[in-house]
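S.K.: Top line first, the protein sequences correspond to chains A and B.
Position one of the first sequence corresponds to residue -17 (my numbering), numbered consecutively onward.
Position one of the second sequence corresponds to residue 3 (my numbering), numbered consecutively onward.
Since the hints were made in silico from the structure, they are not lab data.
Hints should not be assumed to be uniformly reliable.
As the list claims (entries may be wrong) - Dumping the calculated DSSO-like pairs for lysine-lysine here, alpha-carbon to alpha-carbon at most 30 Å:
1) A:LYS486 to A:LYS499
2) A:LYS302 to A:LYS394
3) B:LYS183 to A:LYS37
4) B:LYS197 to A:LYS501
5) B:LYS174 to A:LYS37
6) A:LYS498 to B:LYS197
7) A:LYS364 to B:LYS32
8) A:LYS16 to B:LYS183
9) A:LYS(-13) to B:LYS182
10) B:LYS182 to A:LYS16
11) B:LYS160 to A:LYS37
12) A:LYS37 to B:LYS197
13) B:LYS197 to A:LYS394
14) A:LYS37 to A:LYS498
15) B:LYS174 to A:LYS(-13)
16) B:LYS197 to A:LYS(-13)
17) B:LYS182 to A:LYS37
18) B:LYS197 to A:LYS16
Bear in mind the structure is a predicted one, so any value in this text is a computation, not a measurement.
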Amino acid sequence: MECQKIQILLDDYFDGSLSREEENAVEEHLLNCKECRTRYEDMEAIIALMHHASKPPRLPSREFFEEVFSVAGNFIGTEKSNSSSAKTRRFSPVSLIREFWRSPSLSMSLVRASAFMILGFVIAATSYYSRRLADPLETTSVPVETAESGACLSTPVPLYYRFAQATPVSLAEALTGEKSPPMTGAPLIDKSHKSSLEAALEEAEKIQKEKTGSMASVSKSTSGEEEAPVYTVPLPPDMTSRENPLVVVAARNGPIDIMETIQRLKMNLYLSGESRFIPEIHKIESFIADIAAATDKTDTRYLSTLKTFQEAEQCLVEKKYLCSLQNYEIVAAESPGSLMSFLAQFQGANVNYEEVGDYQAALGYYQRCLEQYPSHYISEEKKEIILDRIDILTKNSMDNWEPLRLYFQAQKSSSSDAIPLLIELIQKYPGSSLIREAISMITANALNEEEVERATAEELIGFFQQYREKFEDTQIRQLFQYKTAELFQHRLMNPPQAILEYSKVVEIDPESSLAKKAKEKIHSLYRRTVGIR
Amino acid sequence: MSLNEIDPRIIKRCREGERAAFEELYGEIKDGLFRWIFSLMRDFDEAEDVFQECTVRIFRHIGSLQEVTRFQHWLYRLVINQCNTHRSRKSRGRYIPLDESIEVKEEDYVFHTSIPENPRRALMRKELMQYINNHISHLPPKQRLAVLLFDVEGFSIKEVAEQMDCSEGAVKFNIHEARKKLRDSLGPLVIQLRKIGD
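So here's chain B without its partners, still in its complex pose (with noise of 0.2 Å):
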């Protein structure tokens, strides 16, 4: 993931609020960036907002950043903190009208239509990710970050661990929990492509 080559140097000088850096920075880590946040939220929209709060926050306080090599470590521990800010804020139920939720699907609908090259196929593929991405939102939430953490982003035990601000024990821990459910919920779906193919 780009995020982990990011030019300590150009953390610096956004520290030093040079504009230009902080351009640089932000086309360096906007794709990588986005992709971390939306494995969180798994919502498109949500991700967006998601991204622009990060990116606002990242802005705000890189000046803060005491070591500049720890901006990576610093960065994570930004985006968790704000994916679970705005979960918070969403699960506190804001009044959403009914009708509202609707529309915005029909919007959808209506704007992406296009025809794909084989729609069993896509839809098939479409229904799968929401399957298995349901599954693994459903998980609690550190059992979730960890694995996560661990088996997509690839981060080591002890760094997942320091992002997590928690044992490596239990980072351990809540990856095979969660790893163990997934084999749960998900073991009947893998069996299924099984038989279909790779």
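Looking at chain A on its own, in the form it has when it is part of the complex (with noise of 0.2 Å):
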């Protein structure tokens, strides 16, 4: 009766709205009352745990954040002009364009960041050819890097390159010809080259025009000996024309370019592993297939070494490791220098280095990620495992892989298997680097009641308590007796014991931040086990 009272006003009690009069009532009951005072806790728990499980595991990585901003600064002051109904409106080239700019999705900004690429051919195409008219003997172009706002865009091949392999912005860098400070907001591409693309998507409106409707068609146009072949595709239902104006921009320079350059973009995707594209991709990819039925021209190397990359995974998913591993080794002989040769290192590093436990390969294939490679091919999360991993491999001996063999197989194994590995790497190799982590991982082991019995458990504080002298770094030292402690508190069920182990790692290092969590333990345990909260 007086339990069914309380736990009605539980949650006010908790939320802090009751009068003081029936707070007191509360404390009362529940400090006389178990059950009620399990419900509390219940609940304070839970809702540390929704507290704990709101928070997201990482934050968005730097470049999202620039790229968000940069999409949303083009919204700024346009809540009046943009208030009436778009598709009341006219179509026209400007009016696709604004809305282009200005499309708040990401995916969008993607196919925008595209056409930047796209508008960057056709430009360069158009004024490649009219320098080739001007002086023949021009065949080869050198990339342009410091010249007046503009100037970058007269040298085609280079920007082929700079443009595949760019970042939204460096490709604004690359367009305006401007180191554009991040974070600026600054719109991607200036009025003149604005009005360039304006001219492009009219013109590229027209053609579309002409074609809608008809299947895969080839125009080779005959007007101009210099002026590219015209590529109109059927589109995917979802990609119509006025939606998507690059794909028929893109259509007119004709499929290798624009096959390598999509095929860039994608493992640009694919590497910033931002799964969300994905279903971009998969549209580009059908737009090439289609590009290339229309054309009958494919850039066959490229696709090859694609599609040795996708068996790669695919083996990969398969856990057929080796074969993956081959053909990682095949990608990165046979596209030197490229993204996906880099993707193919980085992923046969990690196999090696998960999977099959070759840490020589490994280490090599770690390192030329590193040094083969230009630094914005590799994310800053990439980069924070490589660096890690190199470090991890340097320091165990080259020559001597065995306790990090051993860790990787008890990391793989059953938590009865696990522990004898650990130990074996503790007696063993007591100078390694993963003494620390061995440690860990045996008593998390330990602590599985289901696999290890309790005898085990116990034969672990020994060999701890025997271990522990043998080494003269206290923070060592004091791990094992932490370690100790937990065994004691989790495994054995013996909270006075605990908190005598738990004291002893204070004495031992009162300053360091284990002795810290030890004395946190130490007030929690005294308070469960004196029964007050």
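Put the two chains together into one complex, using the hints given.
M.R.: In structure tokens:
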């Protein structure tokens, strides 16, 4: 009866919205009633868990934030002008560009980024052809890095690579020829380029109108010797030309360039690890296939490399690691310096490191990742992984991978099998950098009640006490002691002994962070055993 | 949460269309905003999408904000609406090919592999979070929102009522209902966890 009444009040008590009298009554009851106290503690625990689970595992990358800002920056002060319905507006290339510019979705901004690339081709190709007309001898081009704004647009080939490998920010730099400070939200392209784009789009729209509805066809324009053939392809149903003028513009430059660009774009996307781009990639892929079918021209080497790469990924999924490694090696060898090659190196290293256990090879692969590829291929996340692993690999002596092998083997084994492996590691290789991890991992395994017997845990405590003395490093000794206490607390369910062991942790080095944790444990254990909150 | 402490002067400058102010504002709010959206969406990729949509809306509509001191309230309403829109758009069931969703998972697996310090524990933690998130996201929308705003974000009942556009009584009811449901669904987990230790 009393409990029922109290339980109704518990929520409010928790929120602190009871009167003083009610609060006292609840408190008194909680002291005496175990059931209600547990109920209350459950609620506390659930809210704590909810807090914990509401935190994102990580924040998005800096690039993501910059990208969003640059997209959103185009909307500043647009509220009024955009309020009228876009549907009723008559279609024109200009409005199309406006919509294109202002489209909020990230995928559109991506499409936009690719449009810049393709615009680059259009402009580059146009100026290239016109320059060829003016100077027939000039067949190669030189990258122009520091010329005045727009000058780099007249350099076709290097631009092509720069576009293909560009991030949105560097794309902006390439297009405007200016170094734009990050996060300014400035439009990615300046006015003069915008008008070129408008012209290109207008033309594209004209071509598209003539060809609408037709099957994939190739019409090689005969009006001028220097003009590129025009390719049109039936578009995927949800990518009509109005939404996606880049498709038409792209087709004008012929299949090879576009395919390679798009493939590179695609690798960029894959590399970014952003799974939401995958639908875009699928669309692009089918688009490439259409162009290839329409033009009968395929960059077979590139496509075959890509296929090998996909096979490697497939093998990885199927856990055929050697097959996967072979394919990665082929990719790395066939397209040196490319993003795909980098990715193959990286993946090959991961497979060696995580699955196959060929650490020598993994180290080589990781080092090549850093040495042979431009830094912008390597995302922060990947860089961290690479550096971390190189660090682990080089710290463990080059001619003896045994500790590492034991460690990883233990990681893959069941709890009862892992413990002897880790004990072996500690006994045989006390100098290894993996000692701390091994100690923590042994304890974690020993806590697994289903697999590890109580006697084993007791033996482990003996082992810890014995081995503790062999290490001079205070931190390691402290860790041994801390883990001993944990075993007493969680495995042997002996809180008084655990308190004693935790206090020994504090004794070893009272200033360390482990000592701080131990103190907290002592407090909470004490509260729990004595039974007061 | 940092969203609470935005200087009204920045908002004022944004309202006047000053680009630098937008940059300042964005720098101030982006992390907190993302965390808040994540706690509502509970899916990283979707949270990124909604974050983008919200940022665009903030930039676009901040000029229409009448009182600068109401920015926070305005922002929360905007975020909540956007999350709801995003959800309903998604639930309308656009066609998503089967293999695509599988591929996404593989991508995630392939590109984010790293060996954590203690894999067993990390895995346990991850599964635990998924389990909890699953239960939270199965709450009815109003209850979920109320309990998140109150228990996670730390708003007062009155503020939650304002943001949800309902009475304080309704908010209380929703919070209590949500807690009750979570207690029922997560209770066994809590007992388990207590066994293992904190």
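S.K.: None of the hints should be skipped; say for each whether it holds.
M.R.: Verification of the hints:
{"no.": "1", "hint": "A:LYS486 to A:LYS499", "verdict": "12 Å, holds"}
{"no.": "2", "hint": "A:LYS302 to A:LYS394", "verdict": "17 Å, holds"}
{"no.": "3", "hint": "B:LYS183 to A:LYS37", "verdict": "21 Å, holds"}
{"no.": "4", "hint": "B:LYS197 to A:LYS501", "verdict": "20 Å, holds"}
{"no.": "5", "hint": "B:LYS174 to A:LYS37", "verdict": "24 Å, holds"}
{"no.": "6", "hint": "A:LYS498 to B:LYS197", "verdict": "23 Å, holds"}
{"no.": "7", "hint": "A:LYS364 to B:LYS32", "verdict": "23 Å, holds"}
{"no.": "8", "hint": "A:LYS16 to B:LYS183", "verdict": "22 Å, holds"}
{"no.": "9", "hint": "A:LYS(-13) to B:LYS182", "verdict": "16 Å, holds"}
{"no.": "10", "hint": "B:LYS182 to A:LYS16", "verdict": "19 Å, holds"}
{"no.": "11", "hint": "B:LYS160 to A:LYS37", "verdict": "24 Å, holds"}
{"no.": "12", "hint": "A:LYS37 to B:LYS197", "verdict": "24 Å, holds"}
{"no.": "13", "hint": "B:LYS197 to A:LYS394", "verdict": "25 Å, holds"}
{"no.": "14", "hint": "A:LYS37 to A:LYS498", "verdict": "25 Å, holds"}
{"no.": "15", "hint": "B:LYS174 to A:LYS(-13)", "verdict": "18 Å, holds"}
{"no.": "16", "hint": "B:LYS197 to A:LYS(-13)", "verdict": "29 Å, holds"}
{"no.": "17", "hint": "B:LYS182 to A:LYS37", "verdict": "22 Å, holds"}
{"no.": "18", "hint": "B:LYS197 to A:LYS16", "verdict": "17 Å, holds"}
In the structure shown, no violation is registered for any of the earlier numbered hints.
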